[in-house]
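Participant: Letter by letter, the chains look like this.
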Amino acid sequence: MAQYQHEGDAVTLDGVSFRYAKLLALDDVTLAIRTGVTAILGPNGAGKSTLLHLLVGLTTPTSGSLSFSLGPDSLTRRDRNRFIGFAPQTLDYYPNYSVTDFLRYIAWLKKVPARSVDEAVEQSLIRTDLTQLAGRKLRALSGGMVRRLAVAQALVNEPSLLVLDEPAAGLDPEQRIEMRGILRSIGSQRCLVISTHHVDDLVALADRVIVLNEGRITFSGDVAQLSALATRGTFGDTELERAYSAALGISGPSRSD
Amino acid sequence: MTSSVRIELRRGPGPWAAALALALFYVALRRYGAVLTWMDATSAIGASTQLCGPAAAGVAAYCGARALRRRTASHHRLGARTELASTGSELAAYALWVVGAWLAAVAVTLLAAWPNCSWGHPDVVWMLASGAGLIAEIAVGYFVGRLVPTLITPPVVAIVLFFGTGVMLSHVNAWWYFLSPLNSQLWLPFDSLRTSNFALQAAFLTGVALAAGAAAAVRLARTERVSLSTLGVGLFVSVIAAAGLAGGDGHFWTIDTHIEWRCSGHSPTVCVHPAFVTVEAQLNQQLTAIAARTAGTPFQVERFEQRPRGLGGTPTPGAVAFAMDVPVAAAIPDTAVGATVALLNADSCQSAPRLSSARVEQAVVEWVSGQAVLGPDRSTPDPVGDALVDEFNRLGDQAKRGWMTRHADAIRSCSFVVTEHR
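Residue numbers (the numbering used here), protein chains in the order written: chain A, 1 to 257; chain B, 1001 to 1422.
Certain hints may be false.
[Unchecked claim] Facing chain B, according to a computed beta carbon distance under 8 Å, are these residues of chain A, among others:
1. 93
2. 110
3. 146
Source of the hints: derived by calculation from the structure; they are not laboratory data. Since we're looking at a predicted model, the values are computed, not measured. We treat Cβ as the ideally placed atom computed from N, Cα and C, and that holds for glycine.
Sequences are here, hints too, so could you generate the full structure?
Facilitator: Below is the structure:
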């Protein structure tokens, strides 16, 4: 399998900026991703998805540098993809494929050795609780099942760097709890980067939190450090929400007041 | 076979496209008509892609647009495989289905031809060129679909290719005819295929297929070095092959200078092309009857030779040449008339000034050949000619031979006058 045991930082961003025409989506971001769960928080348009796309190599920075330590130094961009898994916010697929076909296809794209494909697909199905749906056509999956499939396909190559864009978006509370369990089980031995709107997810999952606002990092630290930002007069119902508001620089009357 | 090809074989549009292809091959082969020789069979296979090629290209355009329409291109960009590998596996899986259907149609055509074809063999290079044409149409359709991923692209691709190949078909003997993916021509005996032209056509179309497939991959990732180099190789091969074709004369055939015959019988000896062995006995019977009717006259004949139509050359001294295009019994009456016309030089009536002469000549040809002949226009009253014909027809066989001996020169020159006849 492709997993590569790296030491230190898996991905390092140094002064990275990214611009869509006139819009500056990321502004001078310096960041290191290491083993454990890194949660990226931020409002809509903060630059979370852009940052994730940079991390997985879907886009390249307008300025600044991005370095990977996911495998041997001689890796080409294509070969590096063997060590990366990415679950986009919206998973695109051919609806005529079955769940197993789709995972096999992604395993082929990721160059999972032919002799390991069966096991890799089975493990992905088990981890995401999709075993019962293995033969089902993708067009017949519900929204929650598709979210789990997105995680399953990102896992199929046992990536060293796993990047999940809003994995809990659109899920009902029960499904969110299930998803959290899945992420907890897979996040302990690799670099897992998650973007989320849900501050509550952090407590259960994140080793490290990064708050993005208008393309800039406004907070970087662990959950306890984030919680310490919560003060009276910031916006939110819970301590973490108030801390998040503080990290974003949003002030206002707390509803608990 | 890679895992992705296996998945695409089951889940892609190939299975239903192959069913459609088989139906279109059936229609095209039915329209082609009788397959009487191996060359006919080969030509029918060349024609089989006339309907299916454009339709297969249309479905390929739909297939090529899928990645962009479904926005799955990001999976390819995040994969460890090159774009050429992922594009190639999708294209290969689809092409395998359609080419498989074509191979089935080829097998059925050859099996159906088997009982009728006793000489020669199907031309492999010609068939390969047809197969390469089908693959090139699929690859071009796939590329266009990826370039313009709209819902209207597939039908437009199919229609443009159908009419485009139709236009090309009407320009046979132009060198660029061989740039078309469709090639089908009527084979005449004694013609030899210009195999080199088919080989160059196959190379050109293979280059086009390679370039189109690589261009489809480049469409997704413009910087893929492997795709760009494959695109370059495809273009290079097709340009070199096209230059080779342009340097030739674009002809399908060369008329053989060395004629191969199969001869049978004595007085007369009948020599036919070996492909006509299936009708040899019936033809021999007809030509022997002609020889019997002219025995003892200046038109006595010892040998009949089938020769190339048009530029047939001169028959062996003392022999009479005839032409026959297809080895089928229904063509024998016309062949007998043709042999008689050659024997009596009845073609001279085409420039004869007198209508009566043509009528008399017609009567002689009908008696000698034993076949009714479409003669000169009978709507013009010609009592003199009618009287002469009646008089000839009333004669017995021996008397007719005597009459032919007396009027041999007039028969050869189609120049009867009343006084001569009496």
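Participant: State for each hint whether it applies.
Facilitator: We went through each hint and held it up to the structure:
1. 93: Since the shortest Cβ distance to chain B is 6 Å, the answer is holds.
2. 110: 5 Å, holds
3. 146: Interface hint status for residue 146/A: violated (14 Å vs cutoff 8 Å).
Of the hints listed earlier, the one the structure fails to meet is number 3.
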